[in-house]
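These protein sequence lines are chains D and R, in that order.
Position 281 of the first sequence, counting from 1, maps to 393 under this note's numbering, and the rest follow consecutively.
Position 310 of the second sequence, counting from 1, maps to 422 under this note's numbering, and the rest follow consecutively.
It should be emphasised that the hints constitute simulated quantities derived from the structure, not laboratory data.
One or more of the hints may lead you astray.
Taking lysine-lysine pairs in the DSSO-like style, the calculated list, with each CA pair at most 27 Å apart, reads [stated by the list, open to error]:
| # | chain 1 | residue 1 | chain 2 | residue 2 |
| --- | --- | --- | --- | --- |
| 1 | R | Lys398 | R | Lys144 |
| 2 | D | Lys416 | D | Lys329 |
| 3 | R | Lys276 | D | Lys276 |
| 4 | D | Lys235 | D | Lys373 |
| 5 | D | Lys262 | R | Lys262 |
| 6 | D | Lys286 | D | Lys144 |
| 7 | R | Lys373 | D | Lys286 |
| 8 | D | Lys318 | R | Lys262 |
| 9 | D | Lys318 | R | Lys286 |
| 10 | R | Lys470 | R | Lys352 |
| 11 | D | Lys329 | R | Lys225 |
| 12 | R | Lys242 | R | Lys152 |
| 13 | R | Lys276 | D | Lys283 |
| 14 | D | Lys262 | R | Lys283 |
| 15 | D | Lys158 | D | Lys242 |
| 16 | R | Lys185 | R | Lys127 |
| 17 | D | Lys262 | R | Lys225 |
| 18 | R | Lys286 | D | Lys276 |
| 19 | R | Lys518 | R | Lys373 |
| 20 | D | Lys355 | D | Lys262 |
| 21 | D | Lys242 | D | Lys225 |
| 22 | D | Lys185 | D | Lys148 |
| 23 | R | Lys286 | D | Lys262 |
| 24 | D | Lys225 | R | Lys262 |
| 25 | D | Lys276 | R | Lys283 |
| 26 | D | Lys262 | R | Lys276 |
| 27 | R | Lys283 | D | Lys283 |
| 28 | R | Lys262 | D | Lys283 |
| 29 | D | Lys517 | D | Lys498 |
| 30 | D | Lys318 | D | Lys185 |
Restraint-style ranges between C-beta atoms, simulated for each label pair [stated by the list, open to error]:
| # | chain 1 | residue 1 | chain 2 | residue 2 | range |
| --- | --- | --- | --- | --- | --- |
| 31 | D | Glu316 | R | Gly332 | 32 to 42 Å |
| 32 | D | Leu130 | R | Gly332 | 34 to 44 Å |
| 33 | D | Leu130 | R | Glu250 | 32 to 42 Å |
| 34 | D | Ser279 | R | Gly332 | 30 to 40 Å |
| 35 | R | Glu250 | D | Glu221 | 30 to 40 Å |
| 36 | D | Ser279 | R | Glu307 | 50 to 60 Å |
| 37 | R | Glu307 | D | Leu140 | 45 to 55 Å |
| 38 | D | Arg128 | R | Asn330 | 40 to 50 Å |
| 39 | D | Leu231 | R | Thr229 | 52 to 62 Å |
| 40 | D | Glu189 | R | Gly332 | 48 to 58 Å |
Glycine included, each C-beta is placed from N, C-alpha and C at the ideal position.
The lines below spell out each chain.
Number of protein chains: 2
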Amino acid sequence: MENTERNPQVEAEVKRQLEAFTRGVEDLVSEKELEKKIRKSLETGKPLTVKLGIDPTGSDLHIGHAVPLRKLKQFQEMGHQVKFLIGTFTARIGDPTGKTETRKMLSAEDIAKNIETYLDQVKLILDMEKTDVVYNHEWLESLGLEDVLKLLSQFTVQQMIQRKDFSDRIKADKPVSLIEFMYPILQGYDSVAIEADVELGATEQKFNLLRGRDLQKNAGQEQQICLMMPILVGLDGVEKMSKSLNNYIGITEAPNDMFGKVMSISDELMWNYYEVATDVPMDEIKALKEGVENGSVHPMDCKKRLGSEIVTIYHNAEEGAKAREWFENVFSKRNMDVDLPEAKIEAEEIGVIDLLVKELGFFKGTSDARRLIQQGGFKVNDEPIKDVKAMVKIEDGMIVRAGKKKIVKIVK
Amino acid sequence: MENTERNPQVEAEVKRQLEAFTRGVEDLVSEKELEKKIRKSLETGKPLTVKLGIDPTGSDLHIGHAVPLRKLKQFQEMGHQVKFLIGTFTARIGDPTGKTETRKMLSAEDIAKNIETYLDQVKLILDMEKTDVVYNHEWLESLGLEDVLKLLSQFTVQQMIQRKDFSDRIKADKPVSLIEFMYPILQGYDSVAIEADVELGATEQKFNLLRGRDLQKNAGQEQQICLMMPILVGLDGVEKMSKSLNNYIGITEAPNDMFGKVMSISDELMWNYYEVATDVPMDEIKALKEGVENGSVHPMDCKKRLGSEIVTIYHNAEEGAKAREWFENVFSKRNMDVDLPEAKIEAEEIGVIDLLVKELGFFKGTSDARRLIQQGGFKVNDEPIKDVKAMVKIEDGMIVRAGKKKIVKIVK
Chain D
113 MENTERNPQV EAEVKRQLEA FTRGVEDLVS EKELEKKIRK SLETGKPLTV KLGIDPTGSD
173 LHIGHAVPLR KLKQFQEMGH QVKFLIGTFT ARIGDPTGKT ETRKMLSAED IAKNIETYLD
233 QVKLILDMEK TDVVYNHEWL ESLGLEDVLK LLSQFTVQQM IQRKDFSDRI KADKPVSLIE
293 FMYPILQGYD SVAIEADVEL GATEQKFNLL RGRDLQKNAG QEQQICLMMP ILVGLDGVEK
353 MSKSLNNYIG ITEAPNDMFG KVMSISDELM WNYYEVATDV PMDEIKALKE GVENGSVHPM
413 DCKKRLGSEI VTIYHNAEEG AKAREWFENV FSKRNMDVDL PEAKIEAEEI GVIDLLVKEL
473 GFFKGTSDAR RLIQQGGFKV NDEPIKDVKA MVKIEDGMIV RAGKKKIVKI VK
Chain R
113 MENTERNPQV EAEVKRQLEA FTRGVEDLVS EKELEKKIRK SLETGKPLTV KLGIDPTGSD
173 LHIGHAVPLR KLKQFQEMGH QVKFLIGTFT ARIGDPTGKT ETRKMLSAED IAKNIETYLD
233 QVKLILDMEK TDVVYNHEWL ESLGLEDVLK LLSQFTVQQM IQRKDFSDRI KADKPVSLIE
293 FMYPILQGYD SVAIEADVEL GATEQKFNLL RGRDLQKNAG QEQQICLMMP ILVGLDGVEK
353 MSKSLNNYIG ITEAPNDMFG KVMSISDELM WNYYEVATDV PMDEIKALKE GVENGSVHPM
413 DCKKRLGSEI VTIYHNAEEG AKAREWFENV FSKRNMDVDL PEAKIEAEEI GVIDLLVKEL
473 GFFKGTSDAR RLIQQGGFKV NDEPIKDVKA MVKIEDGMIV RAGKKKIVKI VK
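Next comes chain D alone, as it looks inside the complex (with noise of 0.2 Å):
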């Protein structure tokens, strides 16, 4: 009866970290099990190797990035051991027929370069010192042909074109390469090389992390947890976050900038940033969203408290009050006596369109600028131009203005 009588603290330890390990996640494989290693680890004292990987295809990281790598964090606060793991042996894989849409071989020194600027960034969220930051070329580079077959030969075809975008692409009449069904069992393996007791990654991953629970079993070990947290919606409210799609937050961005975009997103978008991008208790924000909906708090107010909460995130909470500060007298009270985001522009000359999506990059097509303009919301120097086929020239230190919430000074 000694096993099932258990340890009120121990149980209250596990309900506090279970509660945080689950917040923000959109899809957990499963949550008993996950209950069950948190309370072993407790009573046993031997932390949870979680795992995050990563391919170092090297980009500058956006807040969506960071959502993983915070979950990640949270691990690391509540004593378990964090494997940051880098794919070095995939990214050397590219793919020489060229035919498929998998990923391009990387040299070397991109690697080595991709691996530099990506850690550069996780130590902002990570603490560096407690991470174990692990090369998947450690244990894939010895594999030989029989390992291979071995890996191959525990699943079947049939598992692997149930992923979606194989069996989209394979009703499509698009080619999937072979190679493409490796990668999954690679991640899988890497699992069972390191021992994982809790995998994270995005929810689109889910088909992959599974893979690494079958490996685990097969191989008798215990089966990894699969953490999976949703992709994050960009600042338009619709496209999921990239740089490409400019609706991003980057994680070394000035706090100014962090705090205006942050005040650019719809205030149906403000309440998932708050849960899955901030460490703003649950309770709390629940709070919040109830004032909002009965007229006791500003809906205003609530995302300028989101906003200094991630600039608090990467930055500090000294930068978070400064940057609401600014963001209130630049806009608020329309104070230009203030350090603007500086854009610095070379023609001498330039049409208003261009001036705002190709320059400013303030608007992804011409018809959201177009409009803007003709509303007389385009000022430079704060004098309205409305005339959407006018040339500016352009001068050093002259303020341009795009609606509330978009301003910068202009540099020569």
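Here the structure of chain D is known, so what remains is to put chain R in place on it, guided by the hints.
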């Protein structure tokens, strides 16, 4: 202009070889390329590398297995370099999940024993002094994950599931293990490793043989010719020849047994065996066939010649003649004073149907046996027994006959 002017002696030899190599061939990719390769070989004095791969899964060879081996021998006799490839690596790989119909793993001892048995039989056909026996573990063992990924990247899922047995199983919801995709690729890689000019195989191997061409092309090699032999039909004229169906002629069988089995085939099948299983020149075969059609040649004489030809291949001409003489004594001259095939039966008494079907294997099903008995074709010591329910007391030396061509002496 020099290059286009061809040497008539060379051209005559090209023609001779091309005719020999394409005899009895069911499919060929492509005849034009084969002609070019033969010509180049004659002009440069460099023999073609001709590959035939087998898996050391072990079994007694029958004259169906011998079809591609005898084709290989033709190349050998015309001075080309024969590579007899044994799939030592692939035989080692089983399917640990046991879920699929892939071959089972073999132990190193089994493999060694099977190879010995195999080569002991192969030397009845090939000149082993001139045969290069190669083992694919020699190059496959050293392949690493990166090499495997490069191989995989050269094929798509869609290409693979074009192979009929794969698509059939996928349609029927029967699992296809991913490891099965590797076999054709590795077979193709074997061709790259030995730089094969020609690969022989059965028609059902076409998909796999063509993968060698794909990989050679991508590796910058000249593509191999795929020369596909028909699957030999068994003595029953319906199923493919196989030991398990007991419709085969083993290449190590005694001359009289071989001859007797040949005599049991249908007149129609006889022409197929003449072409595919003997060296009788095509012109002669054509003349024989015309003779039978216009009544100038008796089909029984034609079949006896076929029997002698086949015995000659696996034994010698003298044995071929003696077997014919024996057969004529036993069956045509109704003389019992000859060596009869013997069958050992331990039972004291047995039902007539069981005797014909289970003990002697004269029939596959009971209905054929029943019909023969009822028609009076079943005789014990020349006495017909027409009661299908009769019990026969087994005595040492008794002669059992079923129809005209099946006769056996019982030994206890």
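message = So, against the hints stated earlier in the document, which numbers end up violated here?
response = The structure conflicts with hints 2, 6, 7, 11, 20, 32, 33, 36 and 38, although it agrees with all the remaining ones.
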